[in-house]
Every structure is written in structure tokens, then in C-alpha cells.
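Protein chains in written order, with this note's numbering: chain L, 1 to 545; chain X, 1 to 338.
Calculated from the structure, these hints are not laboratory results.
Small disclaimer: the values here were computed from a predicted structure and weren't measured.
The C-beta atom is built at its ideal place from N, Cα and C for all residues, glycine as well.
A few of these clues could be false.
To be verified - Here are the computed distance ranges between Cβ atoms for each label pair:
#, chain 1, residue 1, chain 2, residue 2, range
1, X, 106, L, 426, 31 to 37 Å
2, L, 140, X, 195, 32 to 38 Å
3, X, 170, L, 296, 53 to 59 Å
4, X, 309, L, 325, 18 to 24 Å
5, X, 254, L, 163, 33 to 39 Å
6, L, 140, X, 309, 55 to 61 Å
7, X, 276, L, 12, 50 to 56 Å
8, X, 223, L, 505, 27 to 33 Å
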Amino acid sequence: MKLANWFVDASQKGLIGGTVAIWLGLIGMVMRFSERAIIQDVVDLGHTLLLVVVFMVAFTAAKREYTSGLKLVAGAVAGAISALMLVLLVLVGEQINLRAMFINASPELYAFISFGNLALLPLIGAVTGIVAACFHFLPARLRNALFMGLAIMVVIGMLSDQLLLIFTNNGMVAYFRWLLAPKGLTVIGALIITLLVAVINYVRGLRKERAPTPGVSRPATQWVRYTVLLLVLAILLYLPQFLGAYHSQVLNQVGLYVLMGLGLNIVVGFAGMLDVGYVAFLALGAYAMGMLTSPEGFVAQSGGQWNFWAAAPIAFVVAVFAGILLGIPVLKIRGDYLTIVTLGFGEIIRILAISDWLRPYTGGAQGIAAIPPIAIAGLFSISGPAKQQKLFYLILICCILAAFVALRLKKSRVGRAWMALREDEDVAEAMGINLVQNKLLAFACGAAFSGISGAIYAANLGSIYPHSFGLLISVNIVALIIVGGMGNIYGVILGALVLVGLPELLREFSEFRLLVYGAVLIFMMLQRPEGLLPDQPQKLVKEGI
Amino acid sequence: MWLIGVLIVVGVAWGTYNTVRDNPYSRENWIDFVIFGLAQGCLYALIALGYTLVYGILRMINFAHGEVFMAGAFTGYFVAQPLFDSGFLVAQPVLSLLLVAIVSMATSIVVAYLLERICYRPLRNAPRLVPLITAIGASFFLQYTFAGFYGNGVKTYPDIPSLKGEWQIFGIGILKTQAVVIVAAVVLMLILWLFVQYTKTGKAMRAVSEDKETAALMGINVDATIVRTFIIGAALAGAAGILYALLNKQVQFYMGFQPGLKAFTAAVLGGIGNVPGAMLGGVFLGLFESVGPSLFLEGLKIPAPYQLKDAIAFTMLVLILIFRPTGILGERLSKKKA
Chain L
1 MKLANWFVDA SQKGLIGGTV AIWLGLIGMV MRFSERAIIQ DVVDLGHTLL
51 LVVVFMVAFT AAKREYTSGL KLVAGAVAGA ISALMLVLLV LVGEQINLRA
101 MFINASPELY AFISFGNLAL LPLIGAVTGI VAACFHFLPA RLRNALFMGL
151 AIMVVIGMLS DQLLLIFTNN GMVAYFRWLL APKGLTVIGA LIITLLVAVI
201 NYVRGLRKER APTPGVSRPA TQWVRYTVLL LVLAILLYLP QFLGAYHSQV
251 LNQVGLYVLM GLGLNIVVGF AGMLDVGYVA FLALGAYAMG MLTSPEGFVA
301 QSGGQWNFWA AAPIAFVVAV FAGILLGIPV LKIRGDYLTI VTLGFGEIIR
351 ILAISDWLRP YTGGAQGIAA IPPIAIAGLF SISGPAKQQK LFYLILICCI
401 LAAFVALRLK KSRVGRAWMA LREDEDVAEA MGINLVQNKL LAFACGAAFS
451 GISGAIYAAN LGSIYPHSFG LLISVNIVAL IIVGGMGNIY GVILGALVLV
501 GLPELLREFS EFRLLVYGAV LIFMMLQRPE GLLPDQPQKL VKEGI
Chain X
1 MWLIGVLIVV GVAWGTYNTV RDNPYSRENW IDFVIFGLAQ GCLYALIALG
51 YTLVYGILRM INFAHGEVFM AGAFTGYFVA QPLFDSGFLV AQPVLSLLLV
101 AIVSMATSIV VAYLLERICY RPLRNAPRLV PLITAIGASF FLQYTFAGFY
151 GNGVKTYPDI PSLKGEWQIF GIGILKTQAV VIVAAVVLML ILWLFVQYTK
201 TGKAMRAVSE DKETAALMGI NVDATIVRTF IIGAALAGAA GILYALLNKQ
251 VQFYMGFQPG LKAFTAAVLG GIGNVPGAML GGVFLGLFES VGPSLFLEGL
301 KIPAPYQLKD AIAFTMLVLI LIFRPTGILG ERLSKKKA
């Protein structure tokens, strides 16, 4: 009986893995990813993707408390069954024209997922499964360190062409020949990276274990932290010079999302109100900026054109005002209704911006063009060839300010009131927290951050269109907060880097951006609802409260 | 707060008065608007039923329900087109429509079943926000999965020759497709109502929505009942998908979002969790949307009022939630701590 049990379990896992692999193939992800090499002439991202799926499946199949021999067999079975399903797809696809329905079911896909030889595919699956099962024999710390190393290696591999570009621009490419091949990493480079990261992680894990009470900051770590902070700042200041225009632009994009994420984090992370119409405030900030500063706008035509510095506070105020306006009606609404109302609000703003009704003011579907760049007359202007680099500093200042404000807010009385609201509204109210005041404040603060981002966004691009303020942006921000860890400010930064930076850099990712966001949201909620960097509960005892 | 309400009522009244005075449309125009609104409203009602059934039983907004609808309609195309190419659709329109509908409903059911099984069941006891985030994630996931499967272009359903033209009923010309949509939707809703009222499963659904624990103690399999609820909602959404295709011809991966949101509005309008309410809310919203822009927005001298059609629905949603969150037929939400 026991034998049957493990077999059923392993084959179930194998079937799941096979389904996921087929799905990846049919949505076109495998083929798109196959264009990017990870290690030159060895493996590309498409194959990596498939192998990772098989590996994960076999790994979980072998997780049960079997004898070590059985673990290996279970892993092999799960891997082989996953691979067999791919074989099945190829065989079916060769008989029936699946392409009439699934546009990605092409002969190239079949050739690609056969890994060169269809007959050998189950064997490859089984071997991957056995390797995966072998990882169970390693001690947990070593295993995690190795996984980390492999993951970092894959990420660096994906970014290798970007790195190559940056290093070439800075004339440093000669120093990195060992690592970067013309396409992907070199074999030696990949090995070194993997081992290096693994060793660092292993040592760190050891040190953490030895520390007597983790989390208590000793005076010695205090200055270490400041040094690190200064170092990070120095690197950030130098970064745009090093990166060049294109990558600075990506960085600016990330920065704007950090700014918005910090704002939404107040509403979602601190106060626990899920706002998916957040893009509305961005749009309002951008439109306020556009209307006031553009020479084509109605303000200029009626006699007064503003500059960025005069218009930015207005954008700020408009967004705050809109935040309160949205806040007042939804105060009475709880939880999930609030989410839908904010969604509706975001759509209303967008529809109004497109409509002919407000065309004289918003420009309808054409939007507003010729928004002047940010400048102080005679001193400097964020324009010209180094525009993105200059803009970076402005965004950096805004982000640091915003992060500072958010941090202080979080520890303030208001912040604690928000968190009490998040945990339980009724109890919070009973404790004497003013629901109306605090909720409105959260909405207003969140909107303010977004309004400023909108203003910068408009001034940076020079023209705005209603279509760029779709639901996508709202979902993007919500996703980055949830991935990073709700309520955690560092989480927002990490989330923005992963969810905004990566798809900007990897064009094949941006195609599947929303798909990945959706999957990430589901996965995080199921497996790790607290996010990658969970918010630490405040140590009230330590602060003596 | 009430000031806003009064202002809106005055605005609507003033606009209506202006339109009635200027009278820019003929009687036939208005009848067209109403019938179009009815057909559209019936679709909303069918989708809204899915929201309401699930909400009634789980107290959660199945945000991905619009995508369940899309999955059915989008997949149905791949049956309808070959049927048309082989000439069967023209020869046997009723039979082939049924076939397409069955495929569409089956797809929707599979999607909804997987959704419940993978995304919602593990989170049944999580805080309310958690399944909602999952649902939003699932919504995007499904949209782009189907975009990846079938391509992100627009697919156009074939024309059915026997459904072209109008029928004259009581001297009023009704487009045949619209008539079919209305009749089919009404029949489906009637079947659903009878099902919920009189069958054993229906009674179990109502019992579970009243009180899960007690229902379980009475020997009702709660998990199975929840799955059935999802399946019924999905079947209605799949049927709505085919009716949508009859009405609008074009399907694409993004088509589920707007109708889904509108249907949710309809469900809230009728009182979420309430089956007749969803039907009423859907029809009401459809009418409001099709008559509204020309009735009161035009009177307010707003150019191109049809562009604001969607804004009307969302504004209405916000207003209902503020002034009467229980909807037309809804029960008091405060009791359930919604």
C-alpha cells in the first residue's frame, strides 16, 4: 500500500508540473524566453524555465519523509511524468493542427521543448528529478545558500547583455571578460557567481545562528549601519553617471514607482485599505502640471503660464484634495467594497480625461503636449542629453524625503492609529481613535505622494495622454507593495526594483508583465502573504511605551 | 454628504427636463434605447448572478468572475468558426448555437472550478483582503493567459443569417439577436430561480449561505456546495458569453473586465447576495446606461455623452455604496459585518 501511496503522490506532482510546463509553452513564454541566453552556448532562459518547473515539482515530490532511496525514485517519477506530458504535447501537436486555436503551438515550440531529442526527454526529466531529490540530502542551510546562488546567477545571466553595455560604455569591459560572454555568461563566470553567492549566504547563515539574540541592535552595529547608509548614498549619487542615459531612465521609472509605492503603502500597508484606483492621483497630478505649465494649455492661453516650481505645489494640493474627496464617501464602506469603489474612481477619472466634454481643458484623447522641462532660470534645466541623469537626482531627493516622512509617520501617533485601524476597526474606535480623521489623513497622505510623482512624470515626458493612466499602473503599485511586504518601506523599494526594473530591462518580460503580476499576487497570497521583506512589528517595549 | 446626493438628483432632473423639452429623439429612438438597454441589462444580470451567488455563500467578491465570462465567450469562438466554415451553422442554427453554448459554459466551469480550488479554497479563513487580492491577481492572470493562448487580437464571431433583421412585435421592431438574448436570459434566470428554490442543491446553497457551521451539522457537504455554487455561476457566465457574442460579435481577451465590473455594480445595485436583486439590478443598470446619456447628460449640454456611459455606471456604484449599501432588495449588511 505504501508503495502505491508514494507513486500516486509523485505522479500527481508530475502531472501538475507537466500542466504548468505545457501552459508556459502555449502562452508563448517559453519561446519568447528562449531568445535570451543565460550561459553562453549552454542554456537559455526558455529551457531554464522548463527545467525549473520540473525541478520544483520533483523537489516537492521528494519532500515527504521517505527513505533516501524512495526519495530519489519519487523525484525521478515526478520529473519523468512532467517530461512525458511535454512529449505528449509534441506528439499531439504533430498530428493535429493546434495552431488554429493556440497561436503559440508552433513547430518551433515543439522542437524547442524536445530539448534536441524527443525520445530522451523523459530521461532528462527523470535526471532533473533525481538531482532535485538529491538536494534533500544536503543540510538545509547549505541547500538554501546554493539555491540563492543559482537564483542570483540566473538573474545576472538574464541581465548580462545590459551589464555588458554598461561596462563597455565605461571602458571596463576588459575586467569582466571572465564573466560576460557576448551572449549570456561564460561557464566559468556562472560557476564563480553561484559559488560566491552561495558561500556568502552560507557564512551569513552561520553568523546569524551564532548571534545570541537576533534583532537586538548592539551599539557596535549602530555606526556600521550609518556607514552602510552613507556608502549606499554615495553609490546612488554616482550611479547615473555610471549607468548612462538609458539605464538612468529605467532607474527613474523605478524611482517614480518607489515614490508612488511609498504613498500607497500608507493607505494599503499602514491603514489597511486596498486602493486600486491609485493611478487617479497620479493622473490628477500630471494633468494639473500639464494644464498649468503647457503653453498649449488653457491656462497659458488665458494669460498666465506657470513654471514647474509654482505648479508642483498646486499638483500636490489637487491630489490631496482629490484624496479627501474620495475619502469622504468611502469612509462608511468597509474592506472589499472600498476596493471596488476606488477601482471605479480610477476609471471615472480616466474616462473623464478622454471625454470630449472636458476636451478644452484636458485635450481629450490627444492629451497635453509641450510641457516644459523642470528648470530654475539661469541655474539649471532638466533637459538636454543628460536629462535622465539630472532627473535622477530630483527623484532621489523626493524618494528620500518621502521615505523619511513615511518612516516618521509610521512611528508617530498617527501611524500607530493607522495600524490599529488595519488590525481591527471596531477595537480601534473603542480605543478612542477617530476613524474619520485618520482614514482621511491616510488617503490624503497617499494621494500627496502620487500627485508629486504625477507632476514629475508630466514634466519629464513633456506630454501626457489619458491612456497612460490605466488600471495597469494601479495594479503595478499594489503588486509591488504586496511583493515587497505590506507596510515595509524597504519592501517597497525592493518590490519596485523587481517588478518595475526587471520588466523595463527585459523586453520579453514586459510582454508577460501583467500575467506575472497576477501569478505573483496569487502566489504571494497563498504562500507568503507578508511579502519578501515582512514588516517587523514595532518593539514597543524597547521604546519604553 | 447629502448635499452631493441632492446636487446629483437636481442635475439629473434638470438634464431630463431639458432633454424632454428639446426632444431631440423620436419615439423609435427611445424604444431602441430601451430594448438595447434591456438586452445589455440581461447580460449584466446573468453575470451579476455569479457574483451574487458566490458573495452570498462566501462573503467574498469574486473579482475574476468577469474573466470566467471571457474564457467562455473567447473559447466558444473556436467552435463557432469551424461550424460556420463547414456550413453547419447556417443549416442548423439552433443546434450549433447550443453546441457553442455548451463548449463556452464548459470552459467557464473549468476555469471557475480551478479558480475556487487553487486560489480561493486555501484562503477561506484568511482576512477578507487576502482573497480579494488573490482574485485581482487571478483576474489578470486569466486575462493574459488567454491572450497568450488565443492571441491578443479581436476575433469576430460569424454572422448567423437567420438572426439578421428584425421581428415586429406589437408594432415595435426588435432586432432578432436582441430578442433572442432577452428570451434566453430570462429563461436561464427562471431556471436558476427554480433551481435555487426547489432542488436539494439549491436548498443546500441557501443553507450554507445562512450559516456554514449549522449547515455542516445538518449533513450538508459545505465544500461541495461551494464548488457547485461556483459552477452554477460559471455556467451562467458562459451562457452570457455566447449571448454577448451574439449581440456584439467581437470577442477578445480584455472583454471580461468592463462587463465584469458593470455586473458587479448591478449585483450591488440589486443587493449583493440576493438572487432576484441581481437580476433586477442588471436590467436596471442596462437600461440606465443606454437611456441615461441621451436622457440627462445631453440635456446638460455635455458633448458626446456616450463616451461617459461607463462613468455613469461607476458613479452609480459609488453612489449606491454611499447612500444605500444594501442595494434595492438587499438585507442589512451591518448584521453580517460586511
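Hint by hint, here is what the structure shows:
1. Between residue 106/X and residue 426/L the Cβ separation comes to about 44 Å, which falls outside the hinted range of 31 to 37 Å.
2. A hinted range of 32 to 38 Å is violated for the C-beta pair residue 140/L and residue 195/X, which are about 52 Å apart.
3. Between residue 170/X and residue 296/L the CB atoms are about 54 Å apart, so this pair conforms to the stated range of 53 to 59 Å.
4. Roughly 23 Å separates the CB atoms of residue 309/X and residue 325/L, a value that falls within the hinted 18 to 24 Å.
5. One distance hint, 33 to 39 Å for the beta-carbon pair residue 254/X and residue 163/L, holds here, with the actual separation near 36 Å.
6. Checking the proposed 55 to 61 Å range against residue 140/L and residue 309/X shows it holds: the Cβ atoms sit about 58 Å from each other.
7. Take residue 276/X and residue 12/L: their Cβ atoms lie about 42 Å apart, and the range 50 to 56 Å is violated.
8. Checking the proposed 27 to 33 Å range against residue 223/X and residue 505/L shows it is violated: the Cβ atoms sit about 44 Å from each other.
Hint compliance for this structure: hints 1, 2, 7 and 8 are broken, all remaining hints hold.
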